[in-house]
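J.: Based on the hints, put chains B and C in the right spot on chain A.
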Amino acid sequence: MWYYEKKLQYPVKVRECNPRLAKFLIEQYGGADGELAAALRYLNQRYTIPDKVIGLLNDIGTEEFAHLEMIATMVYKLTKDATPEQIKAAGLGDHYVNHDSALFYSNASGVPFTATYIQAKGDPIADLYEDIAAEEKARATYQWIIDLSDDPDLNDGLKYLREREIVHSLRFREAVEILKEERDKKQFY
Amino acid sequence: MTKKLPPEFYQMLEEIQANDFVIVELNLYLDTHPNDFEAIQQFNDASLKSMEMKIEFEKRFGPLMHFGKSFSNYPWDWIDTPWPWQV
Amino acid sequence: MFTQFKYWKPYVSPFDPCKPIRVKSYSTPPQLYIPFQPPGLPQYPTARQALHCGTLWPDLFSPYPNPEKKGK
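Residue numbers (this note's numbering), protein chains in the order written: chain A, 1 to 189; chain B, 1 to 87; chain C, 1 to 72.
Think of the hints as simulated: they come from the structure by calculation, not from any bench.
Using N, Cα and C, we set each Cβ at its ideal position, and we do this for glycine too.
It cannot be assumed that every hint is accurate.
[What the hints assert, rightly or not] Only pairs whose alpha carbons sit at most 25 Å apart, straight line, appear in this in silico BS3-like list of lysine-lysine:
hint: 1; chain 1: A; residue 1: Lys159; chain 2: C; residue 2: Lys19
hint: 2; chain 1: B; residue 1: Lys49; chain 2: B; residue 2: Lys69
hint: 3; chain 1: A; residue 1: Lys159; chain 2: C; residue 2: Lys69
hint: 4; chain 1: B; residue 1: Lys4; chain 2: A; residue 2: Lys6
hint: 5; chain 1: A; residue 1: Lys80; chain 2: B; residue 2: Lys3
hint: 6; chain 1: B; residue 1: Lys3; chain 2: B; residue 2: Lys49
hint: 7; chain 1: A; residue 1: Lys159; chain 2: C; residue 2: Lys24
hint: 8; chain 1: C; residue 1: Lys69; chain 2: A; residue 2: Lys137
hint: 9; chain 1: A; residue 1: Lys80; chain 2: B; residue 2: Lys4
hint: 10; chain 1: A; residue 1: Lys13; chain 2: B; residue 2: Lys3
hint: 11; chain 1: A; residue 1: Lys6; chain 2: A; residue 2: Lys159
hint: 12; chain 1: A; residue 1: Lys23; chain 2: A; residue 2: Lys137
hint: 13; chain 1: A; residue 1: Lys137; chain 2: C; residue 2: Lys24
hint: 14; chain 1: A; residue 1: Lys6; chain 2: B; residue 2: Lys59
hint: 15; chain 1: A; residue 1: Lys52; chain 2: B; residue 2: Lys4
hint: 16; chain 1: A; residue 1: Lys13; chain 2: B; residue 2: Lys4
hint: 17; chain 1: A; residue 1: Lys6; chain 2: A; residue 2: Lys52
hint: 18; chain 1: A; residue 1: Lys6; chain 2: B; residue 2: Lys49
hint: 19; chain 1: A; residue 1: Lys6; chain 2: B; residue 2: Lys3
hint: 20; chain 1: B; residue 1: Lys69; chain 2: B; residue 2: Lys59
hint: 21; chain 1: A; residue 1: Lys80; chain 2: C; residue 2: Lys24
hint: 22; chain 1: A; residue 1: Lys137; chain 2: A; residue 2: Lys159
hint: 23; chain 1: C; residue 1: Lys9; chain 2: A; residue 2: Lys137
[Unchecked claim] Some chain B residues close to chain A (C-beta under 8 Å, calculated; not the full set):
hint: 24; residue: Met12
hint: 25; residue: Ile23
hint: 26; residue: Asp31
hint: 27; residue: Leu64
hint: 28; residue: His66
hint: 29; residue: Ser72
hint: 30; residue: Trp85
With the rest of the complex left out, here is chain A (with noise of 0.2 Å):
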């Protein structure tokens, strides 16, 4: 089972009211490399990947749940208050129609969230190159996002996600590494 704590992971902070910047972010709630995706990736695998990397997966599974609530975080501080007119000026105004101000989990454009970004083959192997890879594009939106805003706050907050998908993907490399089980035995050959 879990435990919420009744904390965020990293102090997430937001300078201005700007949707628009809440719309760019959602990508990273309910994208296909959003944090929902990685974590239920991560906790979905760990069922069937070999038992010596049961743990990683469970773990960051587990951290992804936290840079979501600091994404909704960021969304909610983002749109927080904001008018009508604000939302509809940001592009948000047929979010606006359907859900009012609550969150929703789906990309930048709208597409809702679905179980097919979720990828499972069973192969460990192909399953943490997946993971590698889904580390990696979401290192990649952050770019993108920090590119886009003009907020140093919130950028601070983003570039720190940044840097998780980095020791993420680092923890799935050494992960393929130990299932290789060369790693501690080349000296013998």
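T.: Chains B and C only, in chain A's frame:
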């Protein structure tokens, strides 16, 4: 409801976030380096420090965790604002 | 030497309508060069610094945007 939080709330919270972050980093590292004795020691030290910091924080600002991982004051203060995204 | 950004010069046609970007760059962060993290890497001196960098180890830190501001 608006409750003005004292600056210590933010200071203590960030100290907890920083220490807990070190714990997460060491945890993921140890998942792929289970024989690193020094890292395990550092992990255990940081975990003990985390518990101590949270006891102090919770005395002043209420429970950080639910389901029996924190104690409650009277009345039940788990449900009090602010929630993390509101802070 | 290890660098976190690489550069390339794309082909530019005289018929390209947008103003050409002569030099493009892409990110090559540290995890690409560390197959398996060695034990005992130096750590940031304080937990707060580690939190703000997003990693405990300076060798894993990757700046963005490119601090050299070269290319696009």
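J.: Could you run down the list of hints and mark each one as holding or not?
T.: Here is how each hint holds up against the structure:
no., hint, in the structure
1, A:Lys159 <-> C:Lys19, "violated (29 Å)"
2, B:Lys49 <-> B:Lys69, "holds (16 Å)"
3, A:Lys159 <-> C:Lys69, "holds (16 Å)"
4, B:Lys4 <-> A:Lys6, "holds (18 Å)"
5, A:Lys80 <-> B:Lys3, "holds (18 Å)"
6, B:Lys3 <-> B:Lys49, "violated (28 Å)"
7, A:Lys159 <-> C:Lys24, "holds (21 Å)"
8, C:Lys69 <-> A:Lys137, "holds (22 Å)"
9, A:Lys80 <-> B:Lys4, "holds (18 Å)"
10, A:Lys13 <-> B:Lys3, "holds (18 Å)"
11, A:Lys6 <-> A:Lys159, "holds (23 Å)"
12, A:Lys23 <-> A:Lys137, "holds (19 Å)"
13, A:Lys137 <-> C:Lys24, "holds (19 Å)"
14, A:Lys6 <-> B:Lys59, "holds (14 Å)"
15, A:Lys52 <-> B:Lys4, "violated (48 Å)"
16, A:Lys13 <-> B:Lys4, "holds (17 Å)"
17, A:Lys6 <-> A:Lys52, "violated (31 Å)"
18, A:Lys6 <-> B:Lys49, "holds (18 Å)"
19, A:Lys6 <-> B:Lys3, "holds (16 Å)"
20, B:Lys69 <-> B:Lys59, "holds (14 Å)"
21, A:Lys80 <-> C:Lys24, "violated (37 Å)"
22, A:Lys137 <-> A:Lys159, "holds (15 Å)"
23, C:Lys9 <-> A:Lys137, "holds (23 Å)"
24, Met12, "violated (11 Å)"
25, Ile23, "violated (11 Å)"
26, Asp31, "holds (4 Å)"
27, Leu64, "holds (5 Å)"
28, His66, "holds (6 Å)"
29, Ser72, "violated (13 Å)"
30, Trp85, "holds (4 Å)"
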